[in-house]
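J.: The lines below spell out each chain.
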Amino acid sequence: MKELICIVCPKGCHLKVDEEKDYAVTGNGCLRGAEYGKAELTNPTRVVTSTVRCEGGTHPRCPVKTDRPVPKGKMMEVMAALEGIALTAPVHVGDTIIENVCGTGVNVVAARNMDKGG
Amino acid sequence: MYDVLIIGGGITGAAAAFQLSKYKLNIAVLERENDVAMGATKANSAILHAGYDPKPGTLMARLNVRGVELAKGLCQRLDVPYRSCGSFVLALSEEDRAKVEELYRRGVENGVPGLQLLTGEEARSLEPNLASETVCALHAPTAAICSPWEFCLALMETAVRNGAELHLNTAVTGLSPIGGAGAEGAGGASPSPTGQGGWTVHTDRGELQARFVVNAAGVEADAIHDMAAPHDFTITPSRGEYYLLDKSEGARVGRVIFQAPSKLGKGVLVAPTVHGNLIVGPNATPVKGNDTSTTGEGLRSVGDAARRSVPSVNLRESIRNFSGVRANTDRGDFILREAAPGFIDLAGICSPGLSAAPAIGEYAVELLGKAGLTLEEKTDFICERKRIRFKELSPVEKAALVEKEPSYGRVICRCETVTQGEILAALHGPIPPCSVDGVKRRVNAGMGRCQGGFCAPRVVELLSRELGLSPGEIPQDQSGSWLLKVETKGGHRDV
Amino acid sequence: MYDLIVIGGGPAGLAAAQSAWEKGLKKILIVERDKELGGILNQCIHNGFGLHHFKEELTGPEYAGRFVKLLSETGVEVRLDTMVLELTPDKRVHMVGKATGYRVEEAKAIVLAMGCRERTRGAISIPGTRPAGIFTAGAAQRYVNMEGWLPGKRVVILGSGDIGLIMARRMTLEGAKVLACVEVMPYSGGLNRNIVQCLQDFDIPLYLSHTVTDIRGRDRVEQVVVSKVDKNRAPIPGTEMVFDCDTLLLSVGLIPENELTRQAGIGMDRRTNGAVVYENMETSIPGVFACGNVCHVHDLVDFVTAESQRAGEAAARYVLEGEAGQEGCLEVKNGDGVTYTVPQRIRPEQVESFCDLFFRVNRVCRNSEILVISGETLIARFQREHLAPGEMERVTLPRVLLDKAQGEITVSVREVEA
Numbered sequence: 744m745k746e747l748i749c750i751v752c753p754k755g756c757h758l759k760v761d762e763e764k765d766y767a768v769t770g771n772g773c774l775r776g777a778e779y780g781k782a783e784l785t786n787p788t789r790v791v792t793s794t795v796r797c798e799g800g801t802h803p804r805c806p807v808k809t810d811r812p813v814p815k816g817k818m819m820e821v822m823a824a825l826e827g828i829a830l831t832a833p834v835h836v837g838d839t840i841i842e843n844v845c846g847t848g849v850n851v852v853a854a855r856n857m858d859k860g861g
Numbered sequence: 135m136y137d138v139l140i141i142g143g144g145i146t147g148a149a150a151a152f153q154l155s156k157y158k159l160n161i162a163v164l165e166r167e168n169d170v171a172m173g174a175t176k177a178n179s180a181i182l183h184a185g186y187d188p189k190p191g192t193l194m195a196r197l198n199v200r201g202v203e204l205a206k207g208l209c210q211r212l213d214v215p216y217r218s219c220g221s222f223v224l225a226l227s228e229e230d231r232a233k234v235e236e237l238y239r240r241g242v243e244n245g246v247p248g249l250q251l252l253t254g255e256e257a258r259s260l261e262p263n264l265a266s267e268t269v270c271a272l273h274a275p276t277a278a279i280c281s282p283w284e285f286c287l288a289l290m291e292t293a294v295r296n297g298a299e300l301h302l303n304t305a306v307t308g309l310s311p312i313g314g315a316g317a318e319g320a321g322g323a324s325p326s327p328t329g330q331g332g333w334t335v336h337t338d339r340g341e342l343q344a345r346f347v348v349n350a351a352g353v354e355a356d357a358i359h360d361m362a363a364p365h366d367f368t369i370t371p372s373r374g375e376y377y378l379l380d381k382s383e384g385a386r387v388g389r390v391i392f393q394a395p396s397k398l399g400k401g402v403l404v405a406p407t408v409h410g411n412l413i414v415g416p417n418a419t420p421v422k423g424n425d426t427s428t429t430g431e432g433l434r435s436v437g438d439a440a441r442r443s444v445p446s447v448n449l450r451e452s453i454r455n456f457s458g459v460r461a462n463t464d465r466g467d468f469i470l471r472e473a474a475p476g477f478i479d480l481a482g483i484c485s486p487g488l489s490a491a492p493a494i495g496e497y498a499v500e501l502l503g504k505a506g507l508t509l510e511e512k513t514d515f516i517c518e519r520k521r522i523r524f525k526e527l528s529p530v531e532k533a534a535l536v537e538k539e540p541s542y543g544r545v546i547c548r549c550e551t552v553t554q555g556e557i558l559a560a561l562h563g564p565i566p567p568c569s570v571d572g573v574k575r576r577v578n579a580g581m582g583r584c585q586g587g588f589c590a591p592r593v594v595e596l597l598s599r600e601l602g603l604s605p606g607e608i609p610q611d612q613s614g615s616w617l618l619k620v621e622t623k624g625g626h627r628d629v
Numbered sequence: 330m331y332d333l334i335v336i337g338g339g340p341a342g343l344a345a346a347q348s349a350w351e352k353g354l355k356k357i358l359i360v361e362r363d364k365e366l367g368g369i370l371n372q373c374i375h376n377g378f379g380l381h382h383f384k385e386e387l388t389g390p391e392y393a394g395r396f397v398k399l400l401s402e403t404g405v406e407v408r409l410d411t412m413v414l415e416l417t418p419d420k421r422v423h424m425v426g427k428a429t430g431y432r433v434e435e436a437k438a439i440v441l442a443m444g445c446r447e448r449t450r451g452a453i454s455i456p457g458t459r460p461a462g463i464f465t466a467g468a469a470q471r472y473v474n475m476e477g478w479l480p481g482k483r484v485v486i487l488g489s490g491d492i493g494l495i496m497a498r499r500m501t502l503e504g505a506k507v508l509a510c511v512e513v514m515p516y517s518g519g520l521n522r523n524i525v526q527c528l529q530d531f532d533i534p535l536y537l538s539h540t541v542t543d544i545r546g547r548d549r550v551e552q553v554v555v556s557k558v559d560k561n562r563a564p565i566p567g568t569e570m571v572f573d574c575d576t577l578l579l580s581v582g583l584i585p586e587n588e589l590t591r592q593a594g595i596g597m598d599r600r601t602n603g604a605v606v607y608e609n610m611e612t613s614i615p616g617v618f619a620c621g622n623v624c625h626v627h628d629l630v631d632f633v634t635a636e637s638q639r640a641g642e643a644a645a646r647y648v649l650e651g652e653a654g655q656e657g658c659l660e661v662k663n664g665d666g667v668t669y670t671v672p673q674r675i676r677p678e679q680v681e682s683f684c685d686l687f688f689r690v691n692r693v694c695r696n697s698e699i700l701v702i703s704g705e706t707l708i709a710r711f712q713r714e715h716l717a718p719g720e721m722e723r724v725t726l727p728r729v730l731l732d733k734a735q736g737e738i739t740v741s742v743r744e745v746e747a
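Protein chains in written order, with our numbering: chain A, 744 to 861; chain B, 135 to 629; chain C, 330 to 747.
So that you can see chain A by itself, here it is in the shape it has in the complex (with noise of 0.2 angstroms):
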């Protein structure tokens, strides 16, 4: 039996998932939560938001994230391979900046535009 807060909504509520019942969840408050407590413990995913260096435009760092969840115990993986990138300005949003990070099938893209300047 695993204890953990909610985080679907501001209630908090406090969620016990069974893991020898199929991952089973009492505690919640609705059906949202029930699926969060299974999913955090079955496959718990975040989103990384970063930053990576960027010459000649208008800031030294273009902030960056992952388009899709990737799972957490990849978070620090996926921060490493944002150590060696160096983006050129213009950068736009959206723009791919590395594809399939740490083979999670997930890309990191571009979070903003970045002109050219200084």
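Because the hints were derived from the structure by calculation, they are not lab data.
Glycine included, each C-beta is placed from N, C-alpha and C at the ideal position.
There could be a bad hint or two in this list.
Unchecked claim - Negatives, chain B to chain C, calculated, CB over 10 angstroms:
no., residue
1, 135
2, 207
3, 313
4, 360
5, 512
6, 518
Stated by the list, open to error - Below are the SDA-like pairs computed for lysine to any residue, each with C-alpha atoms no more than 20 angstroms apart in a straight line:
no., chain 1, residue 1, chain 2, residue 2
7, A, 754, C, 714
8, A, 754, C, 697
9, B, 538, C, 423
10, C, 398, A, 801
11, C, 364, A, 801
12, A, 815, C, 522
Unchecked claim - Okay, the calculated bits of chain B under chain C, using three or more residues with CB under 8 angstroms as the criterion:
no., region
13, 452-462
14, 573-585
15, 608-622
Since the structure of chain A is provided, determine the placement of chains B and C on it from the hints.
T.: Chains B and C in isolation, oriented as in the chain A frame:
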């Protein structure tokens, strides 16, 4: 060989350098920190005391009264924020009344002009926020407020423009008389009192030689003294804690409001500042060394005491707490004398040191003259300083300035309306700042209610660009007070 | 002469200008002090924005970018790198910019959208030394996300508001060790989602009912002392924990930035620290409106957008149709459990069909009733399963109910048995 080396770049050293730079002399100031005004000068009540407090007949009494008189003209000529606001000393009980009357008598004896004893009612009609318990008050119209760090900077900048050298980041480690015994300096067990041939000043950046040495080392003045002469006084640092309140509280009182003195000193005051804020403090706690921390207990006691004289003061409008360490000694007076041949002490400069400073500078010249220094006045002495304060200009002046120099059109500190032009001017001034707080002391950026939260990154950017350094090399204040650890995405991650 | 000048080009200003344009104003100017539009969103690179407004999860820069793009398709004029120095009661705006010089512009209507600033160490009087290494969370966020510098490697965070939590994760992802997040209240001021994803994901302990009681280090922070506090938030001696760290981040509250508002003589609310506003976000000066964090501090940018759209629409109506009448104006009062309301005044005549009333509560409540009362008359009652000070609440009052009120209405919260 220098004619005079001054140890210490606080208000005392700056005043001495300023006065000496009027003469044809080769002088230098040695300062341990990366900027001037780094000790008690930047952390005090910012008040020019009228001079009723020191015991009549002391140097302290004489130089205080003379100092405030000089300060008025100097602040005007050197463009230092100054306001002649006057002060009250309140008697909050019948027992206090005798103390306040005693101050009145002292003041008259010290030659303080314009002193008046007011009834509680008279005092409250001038300052409506005073406690109803006020039974009488001493009014000293010559008391004033100023910007102490800008006063110090202005004096030192003017000295530099008149040819004095300023050696920052230079700590004195020892003194040895030239041609005397025990010339090893720092480690010398018994310094010889033979400095007729001048002094070798040992520093962490090498040796310098001078015919005369002036000890203006503040809290460290006893240690410096002991390098040149037999031990005969001890500094007992006394810490005072303060609140600085938002401008919303700046008009709570119009004058400096003291309480009747106790054995702990002048007590907690409530006063306006030249920057439009309200200052509340200090207490007095003996500390070891230069301990400028604040304590929960100390701040509470300061707040409680302040509310006794001004009950409505709102400490929730605090924007900063700080503390400063006064160089108190076991003497009842400033220690100003030739302690060894060619070695002058300007020591024990506790309160009213800021008020007396200009006069201490004059007195230092007198002491040096008596000790044999030849004083020949320059004909081209510069005694003027002006800086642009964008915020204080009229709309027409602002428009003209920005048209001429567009960098005055970019506001960097929005709380205090400080422009990029002002920061750049400081960076190209006689004593350029090298830290974020150095910029603050020169142009007020970061002094407002957001305390640099917004402008500090922009100031770092300007400093790094103008000084040709990486942002990681820009300190908050003294060297070692680094701001930024490491670049992101630089391959420095510990995995 | 402009129809409308919007002061501030963050999310509030962008939405207000956009809506005023859509409602028919033609000559609109946004004055922005930074070199780009978007305000604080540009440094909020985390996601979670836009769920209400765009029905998808965006990062801050993306959210701002969408509005900037919409605006570029209008005729709204933008003056960047320009700071407003003064607003006069007759709606003259003094501004200065490096490229634009010193100018005074007049407008028929004004929208105040200057946002807010962070509370600092000085505001909460944390004792100790004063070394480098003490940052507001927002300042650290700017260094890390925009300038590309990590301010420190071992971090303690005071305050569990959302910015503090977000920075715990950001600093950790960038290679710092976040040792603790310390909250003086017995509950967190941040969203559960952030507690889970920013602290628990990285095993960062959250100390509730604790605060920082000492800071040590001469040049740079070396240690931070954390103590437990009692019911009155006073530190309990003997509960000290010492953390060896080089950085203290403060996430201890936001304060609306109302220097210009006060200067103009606009009526202020001591509880919100913003202007007193009517149902359409109009201030005490007719034709001057306030929206977003300059009016009251919001938790979600989506709500800033919605509020600012109403302000922009109202500004357009003011310019096109003239001043609103004051007949039957109701004063909104804070009853038990309510710390503030926005608006503070409602003119039922100006309410088309519904009026949203926003407020905050002063404690965590389960199963509560929100009561709206005028004199002895109960105007409306709402049920809530969960209320917390960190979450702005909203009730919607229909015009027909407002018409029943006389002079004032009081909003209060009452906990009921489950």
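J.: Each hint should be assessed against the structure and marked as holding or not.
T.: Cross-check of the supplied hints:
1. 135: Fine: 35 angstroms to the nearest Cβ keeps residue 135/B off the interface.
2. 207: About 33 angstroms separates residue 207/B from the closest Cβ of chain C, which puts it past 10 angstroms; holds.
3. 313: holds, 39 angstroms
4. 360: holds, 23 angstroms
5. 512: holds, 39 angstroms
6. 518: Nearest chain C Cβ is 27 angstroms from residue 518/B, so the label holds.
7. 754/A - 714/C: holds, 8 angstroms
8. 754/A - 697/C: Holds, because 13 angstroms separates the two Cα atoms, which is no more than 20 angstroms.
9. 538/B - 423/C: This hinted pair holds, its Cα atoms lying about 18 angstroms apart.
10. 398/C - 801/A: Given that 20 angstroms is the threshold and the Cα spacing comes to 18 angstroms, the pair holds.
11. 364/C - 801/A: With a Cα-Cα distance of about 9 angstroms, the restraint between residue 364/C and residue 801/A holds, given a limit of 20 angstroms.
12. 815/A - 522/C: Roughly 14 angstroms between the alpha carbons, so the hint for residue 815/A and residue 522/C holds.
13. 452-462: holds (count 5)
14. 573-585: holds (count 3)
15. 608-622: Contact hint for the region 608-622 of chain B vs chain C: holds, 14 residues under 8 angstroms.
No hint from the list above goes unmet by this structure.
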